[in-house]
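*Asks:* Throw the hints in and build the complete structure from the sequences for me.
Quick mapping for you: the protein sequence lines, in order, are chains A and B. For the first sequence, my numbering assigns the number 1 to the initial residue and increments by one for each residue that follows. For the second sequence, my numbering assigns the number 1 to the initial residue and increments by one for each residue that follows.
Think of the hints as simulated: they come from the structure by calculation, not from any bench. We put the CB at the ideal spot given by N, CA and C, even for glycine. It is possible that part of the hints are untrue.
[Claimed, not checked] Computed from the model, here is a short list of chain B residues facing chain A with C-beta under 7 angstroms:
(1) T128
(2) I132
(3) P133
[As the list claims (entries may be wrong)] Straight-line C-alpha distance at most 20 angstroms; calculated SDA-like pairs for lysine to any residue:
(4) A/K161 with B/L250
(5) B/K190 with B/L178
(6) B/K24 with A/G128
(7) B/K24 with A/D119
(8) A/K60 with A/F2
(9) B/K24 with A/S116
(10) B/K253 with A/F150
(11) B/K253 with A/L140
(12) B/K253 with A/P149
(13) A/K161 with B/Y249
(14) B/K253 with A/Q151
(15) A/K39 with A/Y69
(16) A/K161 with A/F144
(17) A/K161 with A/S86
(18) B/K253 with A/F145
(19) B/K253 with A/L148
(20) B/K253 with A/Y143
(21) B/K253 with A/N153
(22) B/K176 with B/G116
(23) B/K190 with B/G109
(24) B/K253 with A/F144
(25) B/K24 with A/G118
(26) A/K161 with A/V181
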Amino acid sequence: MFLVVWAATTLMFALFFVIPGDPISLKSGEKSIPPEILKNIEAKYGLDQPVIVQYGRFWKNLFKGDLGYSYKNEQSVNVILGDGLSTSARLLFWAAVTQLLIAFTVGLVSAIRRGSLGDRIATIFTVGVQGIPVFVSGLLAQYFFGVLPFQMNWDWLNFFKPWPTEWTFGVIPIEGWRGIVLPAIVVALVDAAFIARMLRSSLLEVLRADYIRTAFAKGLSPRRVWLHHALRNALIPVVTVYGTSIIAIFGVAVQTEKVFSLPGMGSTIADAALLQDSPVVLGLAIVVIAFGAFINLIVDLSYALIDPRIKVENRQVS
Amino acid sequence: MRGENSGVSLSYWQDVRQRFFANKISIIGLLILVILVILAIFGPIVSRYSSDELTADILVGPFQNGHWLGTDDLGRDIFTRVTDGIRLSLTVALIVTLISVLVGVSLGGIAGYFGGWVDNLISRFIDTWQVIPFVLIGFAVISVFGSSFWIVVLALVLTGWYSTTRLFRASVMQVKSLDYVEAARASGVKTSRIILRHIGPNAIPPIIVVLAFTIAGSILSESVYAFLGVGFREPTPSLGVMISGSRNYLTDKPFVFFIPGSVLVLLTLSIVLIGDGLRDALDPKMRGSK
Numbered sequence: 001m002f003l004v005v006w007a008a009t010t011l012m013f014a015l016f017f018v019i020p021g022d023p024i025s026l027k028s029g030e031k032s033i034p035p036e037i038l039k040n041i042e043a044k045y046g047l048d049q050p051v052i053v054q055y056g057r058f059w060k061n062l063f064k065g066d067l068g069y070s071y072k073n074e075q076s077v078n079v080i081l082g083d084g085l086s087t088s089a090r091l092l093f094w095a096a097v098t099q100l101l102i103a104f105t106v107g108l109v110s111a112i113r114r115g116s117l118g119d120r121i122a123t124i125f126t127v128g129v130q131g132i133p134v135f136v137s138g139l140l141a142q143y144f145f146g147v148l149p150f151q152m153n154w155d156w157l158n159f160f161k162p163w164p165t166e167w168t169f170g171v172i173p174i175e176g177w178r179g180i181v182l183p184a185i186v187v188a189l190v191d192a193a194f195i196a197r198m199l200r201s202s203l204l205e206v207l208r209a210d211y212i213r214t215a216f217a218k219g220l221s222p223r224r225v226w227l228h229h230a231l232r233n234a235l236i237p238v239v240t241v242y243g244t245s246i247i248a249i250f251g252v253a254v255q256t257e258k259v260f261s262l263p264g265m266g267s268t269i270a271d272a273a274l275l276q277d278s279p280v281v282l283g284l285a286i287v288v289i290a291f292g293a294f295i296n297l298i299v300d301l302s303y304a305l306i307d308p309r310i311k312v313e314n315r316q317v318s
Numbered sequence: 001m002r003g004e005n006s007g008v009s010l011s012y013w014q015d016v017r018q019r020f021f022a023n024k025i026s027i028i029g030l031l032i033l034v035i036l037v038i039l040a041i042f043g044p045i046v047s048r049y050s051s052d053e054l055t056a057d058i059l060v061g062p063f064q065n066g067h068w069l070g071t072d073d074l075g076r077d078i079f080t081r082v083t084d085g086i087r088l089s090l091t092v093a094l095i096v097t098l099i100s101v102l103v104g105v106s107l108g109g110i111a112g113y114f115g116g117w118v119d120n121l122i123s124r125f126i127d128t129w130q131v132i133p134f135v136l137i138g139f140a141v142i143s144v145f146g147s148s149f150w151i152v153v154l155a156l157v158l159t160g161w162y163s164t165t166r167l168f169r170a171s172v173m174q175v176k177s178l179d180y181v182e183a184a185r186a187s188g189v190k191t192s193r194i195i196l197r198h199i200g201p202n203a204i205p206p207i208i209v210v211l212a213f214t215i216a217g218s219i220l221s222e223s224v225y226a227f228l229g230v231g232f233r234e235p236t237p238s239l240g241v242m243i244s245g246s247r248n249y250l251t252d253k254p255f256v257f258f259i260p261g262s263v264l265v266l267l268t269l270s271i272v273l274i275g276d277g278l279r280d281a282l283d284p285k286m287r288g289s290k
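*Replies:* As structure tokens, this is what we get:
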């Protein structure tokens with residue numbers, strides 16, 4: 001896993017620093033600068049050094065926990081990161097809660113009541129969500145739960161409220177909880193639909209197994225069979241896809257933060273990318289990549305919890 | 001399919017066609033797509049405006065002043081821009097998919113057929129690539145090179161190549177281990193002939209499904225990049241650009257958002273539905289069933 005993170009980080013470094021692209025014009029504002037000054041600026045950021053030296057210094061600083069400085073305003077990337085991270089972390093936390101709620105309710109109900117109206121609606125919903133870009137669903141949510149209720153004076157339906165500013169326990173807003181609802185649902189929806197679908201097909205597969213029939217035949221309550229026998233076994237493939245889908249959530253979060261104008265990591269990276277502020281993009285990208293890899297590791301380890309037949313040391317953790 | 005594999009494979013493809021057309025939802029998808037493609041082709045012929053033509057009608061509603069779907073904040077005809085947007089989306093998506101599949105077929109084919117260290121190298125590279133969220137790749141490419149047509153294509157290929165590669169690799173490995181390939185090898189058939197004649201055609205069905213999903217995915221990614229400002233930019237008539245520009249008018253002139261928004265959704269959704277239908281139809285396990 002560390003190898004993969006190292007390689008991915010190096011790849012990002014290469015994309016930004018080896019490919020021609022000049023951060024200095026950002027400071028000078030596209031004006032032509034005298035060559036001596038250009039040299040001075042280059043020396044200050046160490047851009048006159050060979051790539052390999054720059055690369056070495058990049059890792060040395062990284063180990064010291066220093067992500068570098070913005071080309072634009074000299075601000076430390078660590079500070080920029082700290083600002084965005086709290087918002088993004090809260091958004092992801094609530095999105096994860098929403099996601100699990102939606103995925104398990106929809107997945108379980110549509111597997112248990114297979115072929116029912118609810119199942120059919122769920123199928124249409126899960127397929128439909130795949131074709132709707134996140135920024136479109138974000139704007140739709142804003143319209144139907146913000147603009148429309150406002151025009152109709154239905155205040156109870158208006159969820160388009162500012163992001164809360166004060167929090168207890170890190171994630172619970174003191175007031176203005178309505179501000180979280182829409183962004184969290186929008187982030188959650190895509191993967192929730194995907195997981196619900198996986199869970200449904202996985203459950204239906206498991207249900208054909210002999211031990212499920214045995215469990216029913218023993219006279220166990222359906223509830224017990226569903227939750228203890230079927231769900232646990234059906235979870236294994238679902239957990240696998242969850243690990244890979246968690247990386248894509250970043251793209252979803254960027255769009256959501258942009259649509260709802262949240263000052264999170266995603267919108268910070270997007271703005272920095274537009275300005276070609278490479279240290280900021282690279283610094284934040286490393287954090288995102290490391291976080292994704294970390295979640296993947298947890299997912300891998302959790303196999304053992306769900307399915308004791310799998311021993312952790314036998315799996316290749318990557 | 002060619003003559004020499006007639007018999008079995010002909011009836012397989014007939015069977016596939018039958019099952020695909022029995023699926024109502026995919027037919028709806030196909031119909032929507034056909035309508036959108038017709039709009040994309042004939043839009044510029046029937047429209048009296050061009051997509052970047054500024055008129056004096058600022059933000060007029062649909063069916064007013066001769067603008068079928070109204071105009072945007074610069075007085076540009078939304079119908080023309082939307083049809084041009086569909087054409088742009090489809091063109092980009094088809095080019096990206098073609099390149100991604102070519103890369104996927106060659107890299108995945110090599111990895112899957114030869115195995116060993118080549119496979120290891122390619123697979124580890126994919127593992128690495130997968131850890132990077134797709135928007136970051138786009139950000140990197142587009143922030144370094146700017147945003148021309150081919151740079152957007154490059155960014156989209158870089159985000160899409162590995163899923164086709166991984167899939168084709170798995171598909172080739174599976175077919176390779178089948179008995180008839182062993183038999184061909186044992187009877188001394190050349191490697192190139194085994195790949196082209198014996199493995200290739202049988203590894204194709206999963207590629208068709210991936211094709212559909214790669215097209216849908218490319219359309220989505222292109223619009224996402226455009227929305228975030230790192231893809232096509234004004235005045236390019238990209239659906240993502242139009243939606244991005246419509247955000248300020250969500251309250252007063254929602255049609256500026258809803259028209260390109262729903263066209264984008266219909267476009268991707270129709271392709272996803274077709275892909276779903278194809279997946280079910282091409283799955284040999286479902287053969288003979290409805």
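*Asks:* Are the Cα atoms of B/K253 and A/P149 separated by 20 angstroms or less?
*Replies:* holds (16 angstroms)
*Asks:* Run the distance test for B/K253 versus A/L148: straight-line Cα separation, threshold 20 angstroms.
*Replies:* holds (12 angstroms)
*Asks:* So if I understand the rule, the pair passes when the alpha-carbon distance is 20 angstroms or less; does B/K24 with A/D119 pass?
*Replies:* holds (17 angstroms)
*Asks:* Measure nothing beyond the straight line between the CA atoms of A/K161 and A/F144; if it is 20 angstroms or shorter, mark the hint as holding.
*Replies:* holds (13 angstroms)
*Asks:* With a cut-off of 20 angstroms on the C-alpha distance, tell me whether B/K253 and A/N153 pass.
*Replies:* Cα-Cα ~18 angstroms, so holds.
*Asks:* Is the Cα-Cα distance between A/K60 and A/F2 20 angstroms or less?
*Replies:* holds (16 angstroms)
*Asks:* Holds or violated: A/K161 and A/V181, Cα atoms, limit 20 angstroms.
*Replies:* Given that 20 angstroms is the threshold and the Cα spacing comes to 9 angstroms, the pair holds.
*Asks:* Check whether the Cα positions of B/K24 and A/S116 lie no farther apart than 20 angstroms.
*Replies:* holds (18 angstroms)
*Asks:* Hint check: A/K161 vs A/S86, CA-CA at most 20 angstroms. Holds or violated?
*Replies:* holds (19 angstroms)
*Asks:* Is the Cα-Cα distance between A/K161 and B/L250 20 angstroms or less?
*Replies:* With a Cα-Cα distance of about 15 angstroms, the restraint between A/K161 and B/L250 holds, given a limit of 20 angstroms.
*Asks:* Holds or violated: B/K253 and A/F144, Cα atoms, limit 20 angstroms.
*Replies:* Since the Cα atoms of B/K253 and A/F144 sit roughly 14 angstroms apart, the hinted pair holds (cutoff 20 angstroms).
*Asks:* Taken at face value, is the distance from the CA of A/L140 to the CA of B/K253 at most 20 angstroms?
*Replies:* Satisfied, since the Cα-Cα distance of roughly 14 angstroms is no more than 20 angstroms.
Checked against the numbered hints given earlier, this structure breaks none of them.
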